[in-house]
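Sequence order for the protein chains is S and C. For the first sequence, position 145 matches number 145 in the working numbering, and the numbering has no gaps at all. Counting from 1 along the second sequence, just add 1000 to a position and that's the residue number in the working numbering.
Treat the hints with caution; some may be incorrect.
Here are the simulated distance ranges between beta carbons [to be verified]:
#, chain 1, residue 1, chain 2, residue 2, range
1, S, 101, C, 1046, 51 to 57 angstroms
2, C, 1037, S, 73, 43 to 49 angstroms
3, C, 1014, S, 128, 18 to 24 angstroms
4, S, 6, C, 1051, 41 to 47 angstroms
5, S, 6, C, 1042, 34 to 40 angstroms
6, S, 103, C, 1075, 36 to 42 angstroms
7, C, 1013, S, 67, 28 to 34 angstroms
Simulated from the structure, these hints should not be mistaken for laboratory data. We treat Cβ as the ideally placed atom computed from N, Cα and C, and that holds for glycine.
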Amino acid sequence: MTVRVQIEDFDAGFEIRQLRHARKDVGAVVSFIGQVRDINEGDTVAELTLEHYPGMTEKSLNAIITQAKARWNIMDVLIIHRVGTLQPSDQIVLVAVSGAHRGEAFAACEFVMDCLKTEAPFWKKELTQSGERWVEAKAADDDAKKRWNK
Amino acid sequence: MKIKLFYFARLKESLKYSTEDIVLADGPWTILKLKALLAQRGDVWGQMLMGKLKVRAAINHELVHDNAPIADGDEVAFFPPVTGG
């Protein structure tokens, strides 16, 4: 399992290829890319800045991967999350899961994202025409996470 | 006992602190008791830590609840609900 928190952009194609080629018994790789939108809460977003809690972030992401691996029969999980100032259309996050079959890889990938959204210590601040503002946490993200408690 | 404190995002900005070392009288201490102590520092501290804004806490990089106990040497952090991804 790999966790990277970085300012630099990433090459999702390269990262997915690494996961695919790591083992010959990989039958499925499911990936998710989150990117910056130019609109939020009805306002145009010019720029997004991400802050995090070094140390806790890596620990939290590793713990999420450990949970996913305990729950599903998957092979490997990669999480790359960017920090710093990003522009609309920039990539923010990549989660990629490899496994023997698609079903468990799909579920694990969604689980990792739902946990990341509600547990990993990242905070977004956006720049709109009326100035800077912190992005508010969404109840929908908490609900998405709760689905996995069943 | 001595602890290290960190603040993030809106809290860091409003409190104008990112980190500090503080010495607490002998315990027992919980997150809630620490928040109440810090809230006495002034209006903005009260608003940020004990007001209507949601505040999350971590001890040694683990998310914890208000009644979690704090021990000597702990790293305690306060921050708003997370918004990554």
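Which of the stated hints cannot be reconciled with the structure, identified by number in ascending sequence? 4
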